[in-house]
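Student: From just these sequences and the hints, can you work out the full model?
Protein chains in written order, with the numbering used here: chain H, 1 to 306; chain P, 1001 to 1376; chain L, 2001 to 2654.
Check each hint, because a few of them may be wrong.
[Claimed, not checked] Taking lysine-lysine pairs in the DSS-like style, the calculated list, with each CA pair at most 25 Å apart, reads: (1) Lys214/H - Lys2509/L; (2) Lys50/H - Lys2534/L; (3) Lys2244/L - Lys50/H; (4) Lys52/H - Lys2247/L; (5) Lys2323/L - Lys82/H; (6) Lys2486/L - Lys1222/P; (7) Lys2413/L - Lys1222/P; (8) Lys2179/L - Lys52/H; (9) Lys2184/L - Lys2241/L; (10) Lys2509/L - Lys1080/P; (11) Lys2310/L - Lys82/H; (12) Lys2310/L - Lys52/H; (13) Lys2007/L - Lys224/H; (14) Lys82/H - Lys2253/L; (15) Lys52/H - Lys2162/L; (16) Lys52/H - Lys2244/L; (17) Lys1222/P - Lys2534/L; (18) Lys2167/L - Lys52/H.
[As the list claims (entries may be wrong)] So the derived label-pair ranges between C-beta atoms look like this: (19) Glu2585/L - Ile170/H: 51 to 61 Å; (20) Asn1286/P - Phe2011/L: 39 to 49 Å; (21) Pro1085/P - Arg2646/L: 38 to 48 Å.
[Unchecked claim] Some chain L residues flagged as far from chain H (calculated, every beta-carbon gap over 12 Å): (22) Gly2020; (23) Asp2100; (24) Gln2248; (25) Gly2249; (26) Asp2268; (27) Arg2321; (28) Asn2532; (29) Gln2580; (30) Asp2601.
It is worth saying that the hints were derived from the structure and are not from the lab. Beta carbons are placed, not taken as given, at the ideal position from N, Cα and C, and that holds for glycine.
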Amino acid sequence: MLRFIANRLIWMIITLWAVFTVSFILMHLAPGGPFSAERKLDPAIERNLKAKFQLDQPLTTQYFSMLRDYLRLDFRTSMKLKDYTVNEIIREKFPISASLGILGLIFAITLGLTAGVAAAVWRGTAVDYSLMSMAALGIALPSFIVCSLAILLFVFVWPVFPAGGWGRPIDLILPAICLGAPYAAYIARLSRTGMLEVLGQDYIRTAYAKGLSKRTVILRHALKGGVLPVVSFLGPAVAGILTGSLVVEQIFAIPGIGRDFVEAAQQHDYTLCMALVMLYTVLLYSMNFLVDLSYALFDPRVKLTA
Amino acid sequence: MSIGVADPRDPNEAELTRLATLLREAEKIQGVSLGRNAWRRLRRSRMSMAALGFLLLLSITAIFTPLLPLQPPRTVNLEKRYSPPTLEHFWEESAALSPSATGGLPATLSEGFGQLGWFSQQLLEWRVQIFGEFSLGNLCGTDALGRDLLSRVIWGARISLAVGLVATMVSLVIGVSYGAIAGYVVGWLDNAMMRLVDVLYSIPFIFVVIYIISILSDPALKAELEGYGIDRIVIFFIVVGAIYWLTMARVVRGQVLSLKQHQFIEAARTIGAGRLRIIFRHLVPNLLSIVIVYLTLTIPSVMLFEAFLSFLGLGVEPPDVSWGLLAYEGVKNINPIQINWWLVLFPNLALAMTLFSLNFLGDGLRDALDPRLKNR
Amino acid sequence: MKIGRQKTIAFAITTLFSAGAIYALSFGTLPPADYTFVNSTEIKTIDPAAATGVPEGRIIWELFEGLTSWDPKTLKTIPAVAESWTVSDDKRTYTFKLRDNARWSNGKPVTAHDFVYSWRRFLHPGTAAEYAYEMWYVENAEKFSKLQFDIGDPVEIELPIKRENGKRTDSAREFAPGKLLRGKLVAKETVGASVPTNSVVNNSVVKTPEAGKSAVSTEASKSAEGPSPIYTVEIDGVSRKFQKEGKQGEAYKWMLFDFEHVAIKAIDASTLQVRSNHPVPYFLELTGFYPYAPVNQECIESFSEQDWLKPENLVSNGPYRLKSRRLRDRIRLEKSDTYWDRDNVKLNIVDALAVGSDSTGLNFYLTGQADWIETVPATVIPELLRQNRPDFQPSPQLATYYYRLNVTRPVMKDVRVRRALGLAINKRQIVENVTQSGQQPASSLVPPLISEYSPYEPAKCGDHNPTEARKLLAEAGYPGGRGFPKITIQYNSSDMHTSIAELVQYQWKTILGIDVALQSQEWGTYLDNQQNLKYDISRAGWGADYADPNTFLSMFVTNGGNNQTGWSNKQYDQLIRDAQQEPDEKKRAEMFHQAEQILMDEMPIIPVYFNVSTEMVQPYVRGVHRNYHNFHPLKAISIDQDAKARLQNSSKGN
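Tutor: Here it is in structure tokens:
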């Protein structure tokens, strides 16, 4: 177990370094820089700016000095949101995306699991088909369409929610649902497949033979094995959902980190962009690690090996 | 490598002859192939068959689009901006299609259809011969520049399906080869290969796409690439393919690891088949089922991703048109002031029905190809 | 045991989730603001010296007040911190008299010294202000900003800060600059063979001291190019040697042209005197521009670069102070109780929302979550106009949308081709069918609206004329578009730009018979291509910084930073230079007119239309006057509570 964790940690550090390097190269290969503006700057002013953000140095120097700062967990100042350090931006906005993401996940897991299990139990019936059709629809429309339609319906046609914003609990409901909807659809499909597989196995038949009620068998015995595919899906999904969704955040005007992610990349805000990439990598890595751990917990046959 | 190459000086010639006879006999036995079995099971699922039917119809439509009596998808008609769907003018004469003075194809054709390839050009000629100047009216309404939406949706199908299919194929080729090799070689090489996948997996997708598109749209580079026929769409194929292969590689490697334990691989190795041959002759075909399922599930996500890129303004470039672009144009019409509903409904209906069908077909195929369900 | 562990994990996960959910729901509700406006995307900074955009201006103008301000109705310059001013006869020296009741939010008076400090900071290369050029009209300001100094020039040297145990050895504030020395530069010697290359260092001719009488040197970034030169500076009669790294002389942080010789002087605490290089008719207007606003020295020197701008630390002098700030959500402003004109400030709490998308902004407006929005999505404009809503009345702006032609491309070298392209664009069709909110087709670069502010009359290019366009193209050797190379229109990805480009593409195809490709680009790439002339044709836009033709016409001088067409015309350059120096307003306007006529005849750019503002303001808001800058100071705004109540009741009744 300890060896497993240590091994993973080492690989994580190597991965982080590799991702850092790849991202650095990608960012500096792209034409344009953080100070390209519609109004061309006077060369002297541009030079002042570049000097201020150390962009006037050779790339290798920039690379190593940035790497040094990252090792000290100093992510520098954002090149575009000049009033903030990158650390401040992440500290302020990551919790927002994360909490919205958690609400979305709760919604997605509750709805998705229920639907998936129900569809599996009543396989081939109208329940199965209608639930699965809904789930398919959830992943058949681009999310910007889903969000816009939801706003039209629940803000204007039937005004129960505000058009967006952040702060009051009611502000969160619609975005959380829109964020969670495609995940719910995926979870429903995965858990249906997982449950079907489990329901066909001997130990379930044994449980039935023992005279246990259907309810007990499904909830106490089948569910545990049936959700395994969902668990492995959740690893990357959680990393993605916690770092926010550009579409939902933009349409609902939520001050999360997903918008920064895309904007920083598009505007070549090297410092912010790099920090967010690293944040994502760390999250993804830890989530996958947790998934592996939970596999071992859920399924006694799985041994943790390095 | 094969039996025929066996050493002629082999003392066990008699044994070999015996084996050959056995083999001939075996060929006569009607095995129930996996494929036929699956097909039989798939046919029983009505949803999957409906989905398959729709997809086939869609593909045929997309391939033969120029043959259909549609209005030119690019012709701007400012008098008809935002006109709602109507059945009143079912047939319309289109000036853009009136034959040129010399009797050949209309001179102004490329305005309305853009530069077409040889095949499409040929189809278009037939269409003019069949339907003349007539084309369907604005059955699905028109967009902000008065272009016919029905025509745009159907022409958009060509690009959207191509994007979905080709990008998935690219990812498939890379993913299957990579995964199969990694799964087969084992040891440090496998380890290194999979760690590379892990690293690439950890870089956020959208970040890579934004930067690669940005790098490749540098005009000098772009002009050079265009010289080789590589435009934005092709770049998109490559970028998406280059990213989606990661999942495929992982799945395939897992499958290969388990297949390797099977006797037929052992057998192939015993008779001296080379590594590459084993991988590509014996392992890869056995991955078919998982690959097909993956295909039907990846195409939808690629198509949704294309729509997302259109949302960011990085998708297909006008005047080319794709469903993602149309969906994004549609979303601008969802607001409480004025809803041009047709611009929302039709492109999204097309997109949703296609993705819906692909998903159902994927589910159906997975059930049908499940070996545990054999002969059921 | 096994079960126990599983239960613990399940419990832990549930706890984590609930904690997250509770946290998500725990962002207490802010009390509602009196007035809420949508301020497009998140502003980059509220530091007047570092800011550049319009949304930034909306906030900074409320927090910091400059010498002058603009009348919210007419945009005429009105007194602000300066109560009055005089201009010398040569129209170059301005003397401002500051009002004695102007106060910082910490209660201390705003003095002329504050302005000297702030303007010095704004011009200082270490601040790297993008708008610094807006103050280069002041004598010697440009030299100071650009690190230019000649042998014999007065220079100032900032020494590195010395620290012991993390504490500064001098008694200055934590973030104050290091000690300043002033003297005269007497010599400069370069170390080793490496002379800084001229390609990197703009207009710097480096000469050895022996040769050097008029050596212009630029202390540019040259970390990559070996050791820095050694400067000999005479300070109080003593010659001292300085080198940046401190190896062959005293180390220093900055060596700049002496700010004492930049013509910004505090005569006394309430009198500020400024002298410009040449007459600048719009200088008083400029002093109302936000980069000219004062900042508080004590505050800046006490906190780090990011921290002084935090709500709890910021000291400002405007009608409002910063109450709170949540990134990409809102900036909350609260009426300042130390502002000199506080009795005329009616709104107590104001929210500026950072909403990225126009559609979301519109949703906010329609649900009453916002009282003012800057713009609406293009798709709803026809319907809004049809409804003839009193709250949507597009008004003209001092801004032009135009197409750049890259004249370095072989085909575009021919002026007939450029003119043919220009004449073939049906601008009326574009404004009526695409932009649709009352934009005027443009036949000049400078909008006609400018005549309301200066005696200038814009010069015209021809109107849409297909016959003439075809003729010109044929004369240029491409009859009916035959043989015309394939060219591309570039634009940054946006619906409006796409639609316009699609229509232009269509018009050129049908009228001239030429094939044009479209290329939408991500913002950074687009800008980079413009600046490096990596395009054939591209869309562009320019909004006036001040109401004067110079803001438009000075762009197109040879190698101008915003020229970006490769076009160059000596006569044009001369006319612009002369006009800038000309004190007589009429003559000046005439020169600018001639220059614009050249530009329009040569057509390196095709003006397409003049912009309008598509703002919306709720009917119960008073004091939002339509003007060319969308300049709506909060000071002038009030809410008609009765009208608001009536509106809310009537909407409930529906």
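Student: Hey, lysine 2184/L versus lysine 2241/L, does the alpha-carbon distance stay inside 25 Å?
Tutor: Distance of about 12 Å is within 25 Å: holds.
Student: Does the claim that aspartate 2601/L lies outside the interface with chain H hold up, using a Cβ gap greater than 12 Å?
Tutor: holds, 25 Å
Student: Could you say whether the range 51 to 61 Å given as a hint is met by the Cβ separation of glutamate 2585/L and isoleucine 170/H?
Tutor: The hint (51 to 61 Å, Cβ to Cβ) holds, given that glutamate 2585/L and isoleucine 170/H are roughly 58 Å apart.
Student: At the C-beta level, are asparagine 1286/P and phenylalanine 2011/L separated by a distance inside 39 to 49 Å?
Tutor: The hint (39 to 49 Å, Cβ to Cβ) holds, given that asparagine 1286/P and phenylalanine 2011/L are roughly 44 Å apart.
Student: With the threshold set at 25 Å, check whether the alpha-carbon distance from lysine 52/H to lysine 2162/L stays at or below it.
Tutor: holds, 21 Å
Student: Assess, step by step, whether the Cα of lysine 214/H is no farther than 25 Å from the Cα of lysine 2509/L, and give holds or violated.
Tutor: Answer violated: lysine 214/H to lysine 2509/L is near 71 Å, above 25 Å.
Student: Could you check that no beta carbon of chain H comes within 12 Å of the beta carbon of glycine 2249/L?
Tutor: holds, 21 Å
Student: Taken at face value, is the distance from the CA of lysine 1080/P to the CA of lysine 2509/L at most 25 Å?
Tutor: Measuring from Cα to Cα gives roughly 20 Å; hence the hint holds.
Student: CA of lysine 52/H to CA of lysine 2247/L, is that 25 Å or under?
Tutor: At roughly 23 Å apart (the allowed maximum being 25 Å), lysine 2247/L and lysine 52/H satisfy the hint.
Student: Lysine 2486/L and lysine 1222/P were given as a pair; does the straight-line alpha-carbon distance stay at or below 25 Å?
Tutor: This hinted pair holds, its Cα atoms lying about 14 Å apart.
Student: Take a quick look at glutamine 2248/L and tell me if its Cβ sits farther than 12 Å from every Cβ on chain H, holds or violated.
Tutor: Correct as stated: the minimum Cβ-Cβ distance to chain H is 22 Å, above 12 Å.
Student: With the threshold set at 25 Å, check whether the alpha-carbon distance from lysine 2167/L to lysine 52/H stays at or below it.
Tutor: holds, 24 Å
When the structure is compared with the earlier hints, violations turn up for hints 1, 22 and 28 and for no others.
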